[in-house]
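Chemist: Following the hints, position chain B against chain A.
Each protein sequence line maps, in turn, to chains A and B.
Taking our numbering, the leading residue of the first sequence gets 1, the next gets one more, and so forth.
Taking our numbering, the leading residue of the second sequence gets 1001, the next gets one more, and so forth.
Don't take each hint at face value.
As the list claims (entries may be wrong) - Listed next, the stretches of chain B that the computed footprint assigns to chain A, with coverage defined by at least 3 CB atoms under 8 Å from CB atoms of chain A:
(1) 1071-1080
(2) 1095-1108
(3) 1360-1370
Source of the hints: derived by calculation from the structure; they are not laboratory data.
The beta-carbon is built from N, C-alpha and C at its ideal position, and this holds for glycine as well.
Number of protein chains: 2
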Amino acid sequence: MANERRQLHLGAFLQGVGHHIAAWRHPDVDPADATRYGAIREQARLAERGLFDAVFFADTLGVPDGPPEVLAKGALPYGFEPLTLLSALAGDTERIGLVATVSTSYLAPFHLARKFASLDHLSGGRAGWNLVTSGTDWEARAFGLEQQTPHAERYRRAREYVDVVKGLWDSLGDDPYLFDKDSGNYFDAARLNFLDHRGEFFRLRAALQSARPPQGYPVLVQAGSSDDGQELAAATAELVFTAQQTLADAQRFYRGLKDRLEAHGRPRDALKVLPGVLPVLGASEAEAREKFEQLQSLIDPAIGLGLLSALLGNTDLTRYPLDAPFPEISAGEGWHSRVQLFVDLARREKLTIRQVYERAAGARGHRVVVGTATQVADELESWFRNEAADGFNVLAPTLPHGLRDFVDQVIPELQRRGLFRTAYTGRTLREHLGLPRPPSSH
Amino acid sequence: MANERRQLHLGAFLQGVGHHIAAWRHPDVDPADATRYGAIREQARLAERGLFDAVFFADTLGVPDGPPEVLAKGALPYGFEPLTLLSALAGDTERIGLVATVSTSYLAPFHLARKFASLDHLSGGRAGWNLVTSGTDWEARAFGLEQQTPHAERYRRAREYVDVVKGLWDSLGDDPYLFDKDSGNYFDAARLNFLDHRGEFFRLRAALQSARPPQGYPVLVQAGSSDDGQELAAATAELVFTAQQTLADAQRFYRGLKDRLEAHGRPRDALKVLPGVLPVLGASEAEAREKFEQLQSLIDPAIGLGLLSALLGNTDLTRYPLDAPFPEISAGEGWHSRVQLFVDLARREKLTIRQVYERAAGARGHRVVVGTATQVADELESWFRNEAADGFNVLAPTLPHGLRDFVDQVIPELQRRGLFRTAYTGRTLREHLGLPRPPSSH
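Same shape as in the complex, but just chain A (with noise of 0.2 Å):
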């Protein structure tokens, strides 16, 4: 309908039992959640009730580096892999978009456009791949390499390794069966495309055994806010994952990134752009204040510091006093843009390392609101309505309550604005996003 208001589109970000780092010691929180299936079918269950956009996942691969002693301080992330437990909650929910993180740098392009085809045949097409290029060495050892591949060349082999799944989700076309008994006929044979490809990085031989995906190509996410990462979202995604702290550097993004796009043919809507926001909901101000207060009472100084240490770089931070003014970080070789978003963050509020930490403990770099659900969806809408978002990635402080709250008091809210879906309308995260569903390149 031409007619049709804007609406906002909403993620659901999992993780554990909760965003803020300190969740799981939570009165409310039950830790063991984290390793039951049975609890994040009931978190999805419940963005799916809420007509959330997708669930979505992150990941990394394995126990970081660091003294046991730090580590087991802090929970453990993604120990379900994403590609399988979102196999599983695709016969749990019935029209939720289901987006997992999968990195380019250690697994062949072939299995990737594999499990993803996969993955959309199972959900009738609510995959959606977050693209991640992995930003630490020790991923990097845990696949026999001594450190990471410098930032600039994880970004172009990445950008090779989409055209590379694409060809191969495009093997067999769309509907290629025939299944004429009388003839023995299968498939069509005219519809078979085997990839023969020959790049930098990748050459292979080879055609995926299915038809294409329900959705063509399953959703492509990307939450890389470098100028490397932006590049690859303007050439390739149509769905991207940002943190940002204040709505002007939030437009800034928003506006480059549309202007890259169309630097790259694209049109502006082909890619919807989710800022990640961590929502701390009360009946009032002052109780949201005194929530979010409890939860950053929890956070054990170690781990602060050492998930800062992570968020940087593996920057080892803990040579500088923590009460003494944040220190001047490079990037290195890992996740550009969140560096840059926290030297940014200290410099202009004057932070030391330790208020910094404190700002990272809630949501890892995404922005924090607290307050009732009408500051909150004033929030979003002010975001939403000044070209500074597309919509949110919700990061739920504790799980299932915050999202429980998120979905009971804020969903509400924004219906009652016309801001957000009253029921599903479609089948397909792309249809959820209003994204086309792209043809085959044959």
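Modeler: Relative to chain A, chain B alone:
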């Protein structure tokens, strides 16, 4: 119980709409079932109703080489990638084991360890890993190689691969969580063991971020019956699928493998041997024969020949006359044991190429048993009681019908004879198979 009678173990080998190569052309079969998750779910539930130990999915990576017009006449197997498929089935079944084939040749061991750990956690300890090394050049080309690695090297590499994977499964030990909100200790630091592996084929340092799988290790399955394959199985496997045509051959294989087991210091019952069997059932033997002949009559010669070529490691058979004696063929670097099986079969029964492909079309080298439920049960009992089998991997000629016939007719007969369970007594695949839960290496 010390007096418990030894009973059969049964796998339900699911593949598309049946194992007979012409199954999809059978009038009772809906070929589109092979592309529908719901149909596969019903097959798995049917196997669970039949109290099978496990469902089993084979795998190959992509579409084989060959003229498109010949490929188009054959069903495309494994459109759903096994690990995503079994993760979905984990939620849609309750007790049955879930065995997925994954090749060691093109996936980093970290990924394999993590995905199977995830499936084992998702399914409450029902995962099994069928280790293959991939045996074709066309699969190698999907991963950037010109041709596959030599046979012996693939198996040497697989053995090291298993060590790495077990080391990763042991990263955190059983039940490592403390969840101590007061002290802030999430897990027990003393339980964390990074794997530091330096071997011939792999070097890595990593730890999985999840507790040991419920089964300790998912059940290790192997189907290679070559000398290299048997050595690998004797060293590592707990369940072996094998293609055996005659009782004498099966006995030789069974005893040989159990002897090798002892040479590796393992008890003879630490590994269960399950030959494949394709049962074609009828109310009378004549009816069963008629059913089988109907399927055989639907084989397209191009497909029969193509299948045989593939089973023989892409040996080109088109240069031989179809009705001349079967030629001498050497194994090359592909599937050694399968090549030998067909060469032996042809020599023993003096068959032509056409006759051999007609034999192969039903069960791809596995044994075909045609008859009444009583006759089929007699055959299974005979192999079971005469040291040729600990059970069978059942290949239904058509799906779901062939499996339903087996569940409704043969299972009750086996139960009457005391040869098969009348209810699941265990919860995990290990418990179904009577295999102990291996302790951690730490």
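Chemist: Now tell me if each hint is right for this structure.
Modeler: Going down the list of hints, with the structure as the test:
1. 1071-1080: Holds: 10 residues of the segment 1071-1080 of chain B have a Cβ under 8 Å from chain A.
2. 1095-1108: holds (count 3)
3. 1360-1370: violated (count 0)
In terms of the numbered hints stated before, the structure departs from hint 3 and from no other.
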